[in-house]
Structures are given as structure tokens and as C-alpha cells.
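K.L.:
Heads up: the sequence lines are chains A and B, in that order. Under the numbering used here, the residues of the first sequence are numbered -3 to 293, in order. Under the numbering used here, the residues of the second sequence are numbered 42 to 329, in order.
Any given hint could be a false lead.
[To be verified] Computed list of chain B residues with no C-beta within reach of chain A, every gap over 12 Å: (1) Pro102; (2) Asp104; (3) Pro105; (4) Phe124; (5) Phe131; (6) Ala200; (7) Glu220; (8) Pro246; (9) Asp272; (10) Gln274.
[Stated by the list, open to error] Cross-link-like lysine to aspartate or glutamate pairs, in silico, DMTMM-like; alpha carbons within 25 Å at most: (11) B:Lys112 to A:Asp193; (12) A:Lys210 to A:Glu188; (13) B:Lys112 to B:Glu96; (14) B:Lys219 to A:Glu7; (15) B:Lys112 to B:Asp272; (16) A:Lys210 to A:Asp193.
It is worth saying that the hints were derived from the structure and are not from the lab. A virtual CB, placed ideally from N, CA and C, is assigned to each residue, including glycine.
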Amino acid sequence: MAKARLRPQTEGYLLLAPALAVYFLFAVYPMLDVIRMSFSSWNGLDADSSFVGLDNFRAVLTTDPVFWGALLNTIWWTALAVTLPNLVAFGLALALNQNLPGRSALRVVFYLPVIIASIAVATIWKWMYDPFFGLFSNLLTEWGWQGLVADWLGDRRIALWSVFVAHLWQSVGFSMVLFLAGLQGVSATLIEAARIDGAGRWRVFRHVTLPALKPTIAIVFVLSVINSLKAFDIVYGMTGGGPAQSTQMLAMWAYTQSMQLGDFGKGAAISVILLAVTLIVVIPYLKWTMGQSEADR
Amino acid sequence: MSLFSQAFRPVGSTRADPVLVALWVALILVAVIWIAPFVFIVFTSLKTNTAVMGETAFALPTDPAFSNYAKAWARGNFSVTAFNGVLITFVKVPLGVFLSAMAAYALARVPMRGRRVLFLLCVFGTMIPFQVMLAPIFKQVNAFGLINSYPGIVLPYLAFGVPYQVFILYGFFSAVPKELSEAARIDGASHFTIFRRIFLPVSLPALSALFVLDFVATWNEFAMALVILQDPQKWTLPLGLMAFQSQFQRDYGQLNAAIVMTVLPAAIVYLMFQRYFVAGLTTGAVKE
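The following block holds chain A by itself, in its conformation from the complex (with noise of 0.2 Å):
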């Protein structure tokens, strides 16, 4: 043997070590320290925080004046994200499952939101709703409909709404795209043999496509409960949470009580609320496709 030879796990360690190393320190660390942060009072800029035990979340709960309104939020948000967009989605992909010409150049536009910044989509949407000159005053006067110009994002009754739409835009194309390649997986043999049999359009959807489409119809349930969990640069662009705090979330709740106030134990606590919400979709979940691909096994 010509040079010495480390022993295979050895090796396989040191292929681990820089990936795992990132990880840790930079994802799997501020993670643990949340907690340990929701349980202690620092403004951010002290040497040392001091141990407060539930405080921050006794405050959070009782004397927040904005938390269960962001809360209340969030669950709309979440109920209506998991709900609308997907569904346009599911009909589009379905559409563009069957033999239409240009289907592809329809898939490009119907996802090219999905790319576009966050940021972005938000400026864009701020601006198609200018209540001036925006896309939709100019739009409604043209058409002679002036009474339904509405201040979309300073009426706190509508501006939350208005704010969803533009995320309805920027998601479907996400969705879109996974039910299409559960599409592809549905067998054809399948959907051919249920048609020689007799069976209709609609109990072929019934009974072949939909049973088969339920991991993609589980992950995209599951994507889209923790996309809006974490919302944050749609509404941080559009709102900023305003106005009078009817745009406000969770995720950008907990963001602003740290960085924007200096209370980094209530902006941990509520960082806590929401991962345990995340981890009470998450957990389940992986349990399941755990299961599924030992089963297949």
C-alpha cells in the first residue's frame, strides 16, 4: 500500500464534519437558544440576560396588547393559504395535465411568481394598489366603477385581504408544479382500464386519480401550513404590519419585539408559540412518510 489509509467511517466523518458543522452552529444552536431565551429577559445589547421563568409568556398572553390579534391573523391567513391557493392550483394542474397546446409556455407563466422576491411581489402589489394611480384605481375608474376604488392596504378592515391576494399569486405556481408531478405519477394503464370498465370523467377522478395523488396532496398541505406560519416579507413589504396593527403575524410579531423593541425574551416566546405550532404539523407528518417508505420497503 503506497500511503497510510484512514478507516471508512473516519472518512465518512470528515465528509460530514463542514456540512454538519454549519448546521449546528448556525441553525440547529439559535434553535435551542430560543427557548433558553423565551425563558430569560435581554434587551439585546447587555452582557447577560437573568432567568425570568414563564414571564414572558405570562406577558405575552395577558398584557400584549397586539399578540392574539396577530394570532388571529395567522390562523386566518393559514385556514385561507391551505385552502384557496391550493385549490386554483389543483384545477390548473389538472388543466394542464390534459392534451393542450402551449401547456408548457401556461406552466412557465403560472410559475414565473414562485421566482420572483418576496420583496418584490410586495412592491409590485403596493403599487398595483396605489390608490391613485395603481393598477386597480385606474383599472375600476376606466370602467366606470369609481365607487369601488378602496385605500386596499390603509382600510385595516380589508388591508390583511388585499395582502393575501397578492400571496395567492406569488403560491399557486409553487403548488401547481408538485400536483403536476403527482399527476404524472398517477398510472395511465390504470386510468385507461377504469375507462374501459365504464367509468366517468368524474369517478375516475374519484376513484384513481385522487387516491393516488395523497403523498402530494399531504406535502403540500404540510409546505403550505408552514409557509404561512412564517410569513413575513410579504407583509413586512406591503403593511409592515399596519395599518393599526391589522396586517400584523406572528413570525413578524416575534421579529419586531426583538429587533425593533430590544425584548428579546417576548419576541423568543412568541418564536416558541409558533415553532410549536410548526412542530405539531411537522412531527406528524414526517412520522407518516416515515412509515410510508418502510412500508414500501
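Assemble the complex: chain A is given as a structure, and chain B must be docked to it using the hints.
P.N.:
Only chain B this time, still in chain A's reference frame:
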């Protein structure tokens, strides 16, 4: 008409299906709505403020004001933000994909203790949104004295990119036939050599897919950059656009020119490499 001769026909049928024709018309209408914002943005970016205020939204910019782009470039400090964006992306993306590939190879092909646990930890990481814990990330980067520095943003980007990339490449490497690496093992090649000489070349399609996906994600990232890069001289394009929006929101033409310049690189990368996007997204999410 050759494009249409085979269209609208269900599998195994020779006649066009009226339901499919209706569906197609509906799809075109939705597509027009989807593309309208882009048209509006590009048109506005070529208009002067007078034109924006006086004309209808989709009026063609008859006397295109290309100067909007030059002015927005200068006022928005684009030479700085574009440079930072290019630098951060071109360091982070190749480095990240390479580190992930090394780790994925070790997890998939090197027998060692604890690899199942480490893999599960990775899968878990793909589902954790960092947007909910910006403050602890800020604190950690600050502890290393790296706020407002390039490594300060690249390191957390790497950390949050690793899980998904390892997950995808793990699947890819596990599917490579055993014979390919075992022959090399018997010839005395180390795992480093096998990884570099065999696995990197055969996984080029997967690596390219991750490369373009990560390029767009890194180019567009906002929340983490917001807390770590507070010095305008270190800003990336999304941060620059955000500042431009709040400072010059009444200069409609220039604001829209700034939007176009910010999103154009990612859009071009997407249009050039679209098939990689689909591959990169779906191999992970939708397993056969």
C-alpha cells in the same frame, strides 16, 4: 395548424373534446390575469410620472423613458447591492451544494455509527422555518462578531440550505448502483476519491437542479439579510429595493424600473433552466 391537430383529444379518441376546448380557453384567461402585473410593471417602468398619472394602465409607453433605469440604478445604490448580491450568491451556492454533497455521500454510502439519527435530524431541518427565529440567529452571528459582514450572512444561509440539499442528494446517491463504487473500493480508492471521481460526475443533473434553485432562493432572501446586514454598504438587492420603495414611492417610473432590475436576474435564470426547477422541486417532495 399542426400544433392543434393532435390537441384537445382525450387519450385513445380521434375527435376533439369540447370540454377540453372550454378548459383551454379558461386556462388562457387565467394566464392573462397572471401575466398582467408583469406587463403593468414593465410599462410603468418606461413612463414618466406625467404619463403614469395621465394615461390608462395598459397604454403602451409611446416615448419610453429609459432614463428611469439609469436614475433608479444610481439612486437605489444598485452598483453596491448588485455587487453584494452577486458575491454572496456566487460564494454561498457552490459552497453550499458542495458541502451538502459531501455530507449526503457520507450518509448514503459510508457505513458509520449514528448516520440514521443524523439523517433524521437533516430531514427535520427541512421543515423548520428560520423566519420565526431571526433574533437567535442574529444573536449567534453577533457572538462571532460577524454582523454586517459577508461571512455573517453566508454561514446562516449555508446552515439553512444544508438539510434540503442533503435530503435530495441522499436519495440520489442511494440510488447509484453499488458495483460502481465497490470496484473502486477494491482497487484501493478512498471514499474521498470515489466521491470526487464517481459520485460528483454522475450526480451532475441533481447538482445543477439544486444549484439553480438555491441561486434564486439566495438571490431573493430578505428576512435574514434584514437582521444581519444593517449597513447599507452590505445590502443585497431585496434590501435595496425595500429602501427604495419607502424613499421614492412617488417616483413611479423609477420605482418600477428598480423592481424590474431586482427580479430580472432570477427570472432569466428561471427561464433558461426551467426544467431543472421542476426536477429539483419534485424529486424531494413527490416520491414515486
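K.L.:
All hints, please: hold or fail.
P.N.:
These are the hints, each one checked on the structure:
With a least beta-carbon separation of about 14 Å from chain A, Pro102 of chain B lies farther than 12 Å from that chain, consistent with its non-interface assignment. Against the 12 Å criterion, Asp104 of chain B stays outside the reach of chain A, whose nearest CB is about 18 Å from its own CB. Separation of Pro105 of chain B from chain A is adequate, the least Cβ-Cβ distance of about 18 Å exceeding the 12 Å criterion. With a minimum CB-CB distance of about 17 Å to chain A, Phe124 of chain B clears the 12 Å threshold, and the non-interface call stands.
With a least beta-carbon separation of about 17 Å from chain A, Phe131 of chain B lies farther than 12 Å from that chain, consistent with its non-interface assignment. At the 12 Å boundary, the C-beta of Ala200 of chain B falls inside the reach of chain A, the nearest C-beta of that chain being 4 Å off. Against the 12 Å criterion, Glu220 of chain B stays outside the reach of chain A, whose nearest CB is about 18 Å from its own CB. The Cβ of Pro246 of chain B sits about 16 Å from the closest Cβ of chain A, beyond the 12 Å cut-off, so the non-interface label holds.
Non-interface status of Asp272 of chain B relative to chain A is upheld: no Cβ of that chain comes within 12 Å, the nearest being about 15 Å off. Against the 12 Å criterion, Gln274 of chain B stays outside the reach of chain A, whose nearest CB is about 19 Å from its own CB. Between the alpha carbons of Lys112 of chain B and Asp193 of chain A the distance comes to roughly 67 Å, so the proposed pair goes past 25 Å and is violated. A threshold of 25 Å between alpha carbons decides the hint, and for Lys210 of chain A with Glu188 of chain A the separation of about 20 Å falls inside it, so the pair holds.
About 22 Å separates the Cα atoms of Lys112 of chain B and Glu96 of chain B, which keeps this hinted pair within 25 Å; it holds. A C-alpha spacing of about 18 Å is found between Lys219 of chain B and Glu7 of chain A, which places the hinted pair at or below 25 Å, so the restraint holds. Restraint check for Lys112 of chain B and Asp272 of chain B: the C-alpha separation of about 22 Å stays at or below 25 Å, so the hint holds. Proposed proximity of Lys210 of chain A and Asp193 of chain A is supported: the alpha carbons are some 23 Å apart, at most 25 Å.
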